[in-house]
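A.B. asks: Single-letter residue listing:
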Amino acid sequence: MAKPMFIRSAKRRFNFTMARLLFGDKSTAPHFALVGPGSANHLCQRIVESGHQRILIVTDKPLRELGLVDQACETLIKAGIDLVWYDGVQPDPTFTQVREGAQILREQACTAILAVGGGSSMDAAKIIAATLDSSDDPESWAGINKAPETAAPLYAIPTTAGTGSEATMGAVITHEGDQSKVVISGAALLPVAVALDSNLLLALPPAITAATGLDALTHGVEAYIGIWSRGTSAETARMCVRGVAHWLPRVMAEPGDPEARLGMSMAAYYGGVAINQVNVGAVHAIAHQLGAFYHLPHGVANAMVLPHVLRVFGNSATARLEELAPLMGVSGAAPAIDAMESLMFCGFSETLQRPALKSWHP
Amino acid sequence: MGVSGAAPAIDAMESLRESVGLPGNSEAIKAADYEKIIERALEESDGYFSPRILTAPDVEQVLKSITA
Chain A
4 MAKPMFIRSA KRRFNFTMAR LLFGDKSTAP HFALVGPGSA NHLCQRIVES
54 GHQRILIVTD KPLRELGLVD QACETLIKAG IDLVWYDGVQ PDPTFTQVRE
104 GAQILREQAC TAILAVGGGS SMDAAKIIAA TLDSSDDPES WAGINKAPET
154 AAPLYAIPTT AGTGSEATMG AVITHEGDQS KVVISGAALL PVAVALDSNL
204 LLALPPAITA ATGLDALTHG VEAYIGIWSR GTSAETARMC VRGVAHWLPR
254 VMAEPGDPEA RLGMSMAAYY GGVAINQVNV GAVHAIAHQL GAFYHLPHGV
304 ANAMVLPHVL RVFGNSATAR LEELAPLMGV SGAAPAIDAM ESLMFCGFSE
354 TLQRPALKSW HP
Chain B
467 MGVSGAAPAI DAMESLRESV GLPGNSEAIK AADYEKIIER ALEESDGYFS
517 PRILTAPDVE QVLKSITA
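The listed protein sequences correspond, in order, to chains A and B.
Take 4 as the starting number for the first sequence in our numbering and just add one per residue.
Take 467 as the starting number for the second sequence in our numbering and just add one per residue.
Extracted from the complex, chain A is given alone in its bound form (with noise of 0.2 Å):
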C-alpha cells in the first residue's frame, strides 16, 4: 500500500534538496565519446595506448556469433592485446551474471573492461567492474550512489542506439528471485571512454532499432520535463528528442543508411547524457514493473506507457512539452539536420570542464 501523500511529499522534497546539494548545477559526464564510422577502431587504439594488456570483454553470446565483437575489437585483436571474455550476459542482466563476469575479472587479473551491446551488456559490465577492489555483494549497492569509489577502467561500445547506458553512471540489474530490478549507481561506473560507431548497427534489427529509439526519446523528454535542470541537462534532453524525431523514422525507413544511425546514436546518448544529470521518472518507474512483471522489452513499455503518464502529469508537464512539439516536427517547425551539426550544437566543450566528445571524420 502507498505511503500517505504528505510522507511521500515531504520525502521529496528531501530528496530533491539532497539532490541538488550534492551533485550541484554542474554536469556530469567527465568521459570523452568518439563518434562514427569507424570510431571503435580509435577507441580500441586509445585502449592499447593506455597500456592495459590483459582486457575483459563483456557481451552477449549471439552478438559474439554475429562477428560484430570481433569486428569492434579488431584492434585490440591485431595489437596483441589478451582478450577475456564473458559474453552471458543476456536481456535484463541478472545478479548471478554479473558475479560470473566479477569472477572472470578477478580470476583472469584483467586491468579493464570493454563493454560491446546493448544496455544489458553495458549495465552489467559496469557493475562487474565495481567488484575490481571491493568483495562487497553487489546487491548491496542497491540504490542512489552507493556503488564503490573505485572501478576497473570502463569502455563502452554500445551496438544499439537508445538504451544510453554508455553515458550514464547507472545501471540496472534484476533479481532472479521476484525479477525485481534495482537501480545501482555511483560515480565510477561512468564509462571512461566510448565509441559511437554507426557501422556496428547497420544490421540492426527493425523491431530493436524501433523499441532502443523509443527508449532514448523517452529519456530525453522524461529529463527535459522534470522538475530538476542542471548542467547541460536541457540542452541535450532538447537534442536527444530533437535526434530521435527525426532520425528514426529515417533508419526505420532506410536501415543501412550510415547517417541515419549515426544520427540515433548521437540522439541515444544525449539521451544518455541528460539522465545521467537529472535521472528518468514516473514513464521508467512504470516500465520497469512491466519489464519484471511480464519480461516486455524496455524501450516498448516506455513507448506504451509514456502518452499516458504525460496525459496523467496535466497542466504540470504542459509549458515543457509545448517547448517540445517543434522539436517532434508540430506544425513542421524542426529544422533539417545532419549528425555531425548534432555534435556542434552541442557545445560540449564549453559546457563540461573538459572535453567530452570529439568528432571523427574518417
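None of these hints come from the bench; they were simulated from the model.
It cannot be assumed that every hint is accurate.
As the list claims (entries may be wrong) - In silico negatives: residues of chain A with every beta carbon more than 12 Å from chain B:
hint, residue
1, Leu-24
2, Gln-111
3, Glu-262
Said to hold, decoys possible - SDA-like, lysine to any residue: derived pairs with alpha carbons at most 20 Å apart:
hint, chain 1, residue 1, chain 2, residue 2
4, B, Lys-502, A, Ala-5
5, A, Lys-6, B, Arg-506
6, A, Lys-14, A, Ala-145
As the list claims (entries may be wrong) - To be clear about the criterion: a stretch of chain B counts as covered by chain A if any three or more of its residues have a C-beta under 8 Å from a C-beta of chain A, and this derived list gives those stretches:
hint, segment
7, 470–476
8, 479–485
9, 489–495
10, 499–508
11, 516–523
Model, not experiment: these values are computed from the prediction.
Here a beta-carbon is modelled for each residue, glycine too, at the ideal position from N, C-alpha and C.
Starting from the structure of chain A, add chain B where the hints point.
C.D. replies: Just chain B now, kept in the frame of chain A:
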C-alpha cells in the same frame, strides 16, 4: 505562433510509436497484477523528480490504458 497545450507533443510521440510499429498495449498485462505493479511503481517513482507525484489512481489509469 507557438504550440498550445500538451496534446500536440503527446500525439506526435504516439504517432512516432505507431509509425515504427510498436504496440500501444499488451495482452500480457493482467488486472490481477495491478495492485503490486502500482505499489512498486509508486515506490520507484518517488525517487525521481517528475513534474508531479503520481497517485495510485494515476498509475491504475495508465495500466488500464495499456492493457489489451
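A.B. asks: Each hint needs a verdict: does it hold in this structure or not?
C.D. replies: Hint-by-hint comparison with the structure:
no., hint, in the structure
1, Leu-24, "holds (14 Å)"
2, Gln-111, "holds (36 Å)"
3, Glu-262, "holds (18 Å)"
4, Lys-502/B to Ala-5/A, "holds (10 Å)"
5, Lys-6/A to Arg-506/B, "holds (12 Å)"
6, Lys-14/A to Ala-145/A, "holds (18 Å)"
7, 470–476, "holds (count 6)"
8, 479–485, "holds (count 5)"
9, 489–495, "holds (count 6)"
10, 499–508, "holds (count 8)"
11, 516–523, "holds (count 7)"
When the structure is compared with the earlier hints, no violation turns up for any of them.
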